[in-house]
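Fit chain B to the supplied structure of chain A, relying on the hints for placement.
Each chain, letter by letter, is given below.
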Amino acid sequence: MADDAIRCDACPVLCYIKPGRTGSCDRYGNHDGKLVRLDPHVVLDRTVERGESAVPFLERSHDWDGTLVSHGETFVTAIGAGTTYPDYKPAPFIISSQVEGVDMVTVVTEGIFSYCGVKVKIDTDRHLGAECSAVRSQGQAIGHVATSEYGSQMLSLGGVRHLTGGSRHEGTATCDALLNLCNGKAVELEIEDGAKVTVQAGKAPVVDGLQEERMRVGCGSATIGMFAKQWFGKVDEVVVVDDHITGVLSEHQAGKLLGIPETGIKMKGRRSTPGRYFQVAKPGTSWGGTDLEDPLEILGKFNVKKAWAGLRLLMVSTTGEHHAYFELDENLKPREKGLPDALQESVERIRENCEPALCTVMFMGGAGGSLRAGVTENPVKLTHSVRDALTRVTCGGAPVYVWPGGGITFMVDVARMPQNAFGYVPTPALVAPIEFTLKLADYGALGGYVENVRPLSSIAREDETRRRLRAREDNPWPLESGVKDKG
Amino acid sequence: MNPRAQMRMLPDGRRLHLHDGPMDLIVEAFGAAEQIEAAYHAACNRFVHVLDELCGELSLLRRVCTSESEWPEGSVARRMMSAVMPYACQCFITPMAAVAGAVAEEILGTMVKTANLSRAYVNDGGDIALHFGVGERFVIGMLGRPGVPSLFGMTTLTAEDAVRGIATSGWRGRSFSLGIADAVTVLGDRAAAADAAATIIGNAVDLPGHPAIMRIPACELAPDSDLGNIPVTQAVGELSARDVDEALENGVTLATKLLRMSLIRAAALHLHGQTKTVSSMPESKLMEHERGLVHA
Numbered sequence: 001m002a003d004d005a006i007r008c009d010a011c012p013v014l015c016y017i018k019p020g021r022t023g024s025c026d027r028y029g030n031h032d033g034k035l036v037r038l039d040p041h042v043v044l045d046r047t048v049e050r051g052e053s054a055v056p057f058l059e060r061s062h063d064w065d066g067t068l069v070s071h072g073e074t075f076v077t078a079i080g081a082g083t084t085y086p087d088y089k090p091a092p093f094i095i096s097s098q099v100e101g102v103d104m105v106t107v108v109t110e111g112i113f114s115y116c117g118v119k120v121k122i123d124t125d126r127h128l129g130a131e132c133s134a135v136r137s138q139g140q141a142i143g144h145v146a147t148s149e150y151g152s153q154m155l156s157l158g159g160v161r162h163l164t165g166g167s168r169h170e171g172t173a174t175c176d177a178l179l180n181l182c183n184g185k186a187v188e189l190e191i192e193d194g195a196k197v198t199v200q201a202g203k204a205p206v207v208d209g210l211q212e213e214r215m216r217v218g219c220g221s222a223t224i225g226m227f228a229k230q231w232f233g234k235v236d237e238v239v240v241v242d243d244h245i246t247g248v249l250s251e252h253q254a255g256k257l258l259g260i261p262e263t264g265i266k267m268k269g270r271r272s273t274p275g276r277y278f279q280v281a282k283p284g285t286s287w288g289g290t291d292l293e294d295p296l297e298i299l300g301k302f303n304v305k306k307a308w309a310g311l312r313l314l315m316v317s318t319t320g321e322h323h324a325y326f327e328l329d330e331n332l333k334p335r336e337k338g339l340p341d342a343l344q345e346s347v348e349r350i351r352e353n354c355e356p357a358l359c360t361v362m363f364m365g366g367a368g369g370s371l372r373a374g375v376t377e378n379p380v381k382l383t384h385s386v387r388d389a390l391t392r393v394t395c396g397g398a399p400v401y402v403w404p405g406g407g408i409t410f411m412v413d414v415a416r417m418p419q420n421a422f423g424y425v426p427t428p429a430l431v432a433p434i435e436f437t438l439k440l441a442d443y444g445a446l447g448g449y450v451e452n453v454r455p456l457s458s459i460a461r462e463d464e465t466r467r468r469l470r471a472r473e474d475n476p477w478p479l480e481s482g483v484k485d486k487g
Numbered sequence: 001m002n003p004r005a006q007m008r009m010l011p012d013g014r015r016l017h018l019h020d021g022p023m024d025l026i027v028e029a030f031g032a033a034e035q036i037e038a039a040y041h042a043a044c045n046r047f048v049h050v051l052d053e054l055c056g057e058l059s060l061l062r063r064v065c066t067s068e069s070e071w072p073e074g075s076v077a078r079r080m081m082s083a084v085m086p087y088a089c090q091c092f093i094t095p096m097a098a099v100a101g102a103v104a105e106e107i108l109g110t111m112v113k114t115a116n117l118s119r120a121y122v123n124d125g126g127d128i129a130l131h132f133g134v135g136e137r138f139v140i141g142m143l144g145r146p147g148v149p150s151l152f153g154m155t156t157l158t159a160e161d162a163v164r165g166i167a168t169s170g171w172r173g174r175s176f177s178l179g180i181a182d183a184v185t186v187l188g189d190r191a192a193a194a195d196a197a198a199t200i201i202g203n204a205v206d207l208p209g210h211p212a213i214m215r216i217p218a219c220e221l222a223p224d225s226d227l228g229n230i231p232v233t234q235a236v237g238e239l240s241a242r243d244v245d246e247a248l249e250n251g252v253t254l255a256t257k258l259l260r261m262s263l264i265r266a267a268a269l270h271l272h273g274q275t276k277t278v279s280s281m282p283e284s285k286l287m288e289h290e291r292g293l294v295h296a
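Chains as they are written, first to last, in this note's numbering: chain A, 1 to 487; chain B, 1 to 296.
Simulated from the structure, these hints should not be mistaken for lab results. Just so you know, even glycine gets a beta-carbon here, dropped at the ideal spot from N, CA and C.
Simulated restraints on C-beta separations:
1. Cys132/A x Asn229/B: 54 to 60 Å
2. Gln234/B x Val450/A: 41 to 47 Å
3. Arg62/B x Tyr401/A: 46 to 52 Å
4. Gln234/B x Leu14/A: 20 to 26 Å
5. Thr156/B x Pro19/A: 42 to 48 Å
6. Asp4/A x Met9/B: 40 to 46 Å
Stretch-level coverage of chain B by chain A, calculated; a stretch enters the list once three of its residues show a Cβ under 8 Å from a Cβ in chain A:
7. 3-10
8. 47-55
9. 217-225
In isolation and in its complexed conformation, chain A is listed as follows (with noise of 0.2 Å):
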């Protein structure tokens, strides 16, 4: 084989690629013997934001002048800006452009980012796995199971330690998974001793095939508190069935409070409080996030000298997702019924307060050294701007959250970015873009490379390799009024 043409792993067809030219799909090509990603470079644009129908900016390009350009109303992305590690040179755009009159800059790189991960938040009362344990992409460890929080687990993937630390099947497979969590689609991750959840930003979990719906509504306690009203008077007992704290409305204060009568019931686990039982049941993918699919097996005898033959009971799940109805017979065995309509209401306002379940994606990195470099010759005096509150940092135009203490490590909603705006470099590492906007003057004052900032007009122009995306209503505008928070 030609050795000057390189091999292609972005899908399975791995094509051969010869210098200067692309492989099939046309999207990766060889670039003196590096395999790059020619997507578009992508450059947002806030008119079509104010309710202008979203025309192709082609279209619209005679009545284009350059005022709304000098107005500030585009910004230039690093989405496919490239890079210039890692050599110690001027970042690859560094743009100008006046906003309320004064002159903004805008430092523009794809950061290649060895520091990063993904902390991913998976709406679900359904136990994904220990805490501590493994996470796994094709057969990999690629993170560990971190926090439950209310209502979600807390996943953290990726790193330094298993993109470079592990073997070059870990590295790579977790690249992979970052990558394609970052940019939007689904992955499958395989929880060691524990569920198998396919994740997508901004889409509902799928826990050992199942998709997730919703969140619950409270704990099986709290559940009892919101809707012991709602019961009262048309059912004698009420379990709420929740992994973490199982309700009972009779011992519940809840309950007492009503003046509810003891109905003789008696709760397998570990009584906290009254009416709040811990450990009913295994944590498992069932009712309210335990193993149990029978209900009544966390249900012991129904004391003879309080229950009576003829008494209700309703069983429920904390998202109302699963529910059931019985009766005591005269042994005061429970026996299933079909579930009164007056209970239905009540199961169907637990199921319509509980959220949508989502999966939510945070994109951490750390920008080291070089990509600093590239936006000053004085790379920390770049921290304490950011620190101070003088530069912006955007990621493909999406506000981030920087940590306090050293360095500028952020992190960023994937959902709020352009579509597939993260790529990779065989390292492997993760390709993500980034931006500094700050005011000329002090840019100059930090030590910025002032010779190499050209105008927005010399780059806002369409062609076929910079391409015009619609602004985020959502996200604030990076060059809006200096830096200060919109709160």
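Below, chain B without anything else, positioned relative to chain A:
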């Protein structure tokens, strides 16, 4: 699950966009909302497997097709093979000549099997599979050159026509061509068959040995091309009106032959602004709109 594949609704909320490796499909179904949804789900579930299946047999699919060729296993690959088989003893062809049409056909077939749709199409980069309910119709526009939005022809297809596939081939497209046609659009009974026919008619629109045509062996451009060292068209310089006519006539001769063999229903050949058509369909089809454009 295949993590590469992108599957999303386009911003119009009606069309489904499927992308994986070199495949890029636009899908649209018409009918009751729940039927459309079922069809799109089925399309996605099938689509995620297609590229891996094809790549599993890629070396076989890149080999020249003869009557003794081994048959592939995958359903898309078999569609490709049966589409190119009629040409196997006449010219150099590999199953890859029908890959886009075969993928379109497969996805459309899955949708139609799953859901009750009044109409549907799957457009795989210009190679289109069509489904018509009773009495339904599609209006089809033809582009002179890839990426240049100017129509050189329009036609209306109805459920009564036998046409269920449309394919376009040309040297400016993403695949290599041995000929110089800017575009050859073929209407056929199936998308994969139309794809194969468009490829070989496109190859036939040619002026062998003409000095204005630059050709380079395919393997020098893409080392793993199924065309090996066969020269493929990379540039076409000035051609006289007579050259253009002769090249198109070469294509028309072959297209007419395929028409008689019922391998295609109609073809429109386009080169340097000139169009020639052959058709076994009622006059009102391809030709009418051609005239319409002339009068316009």
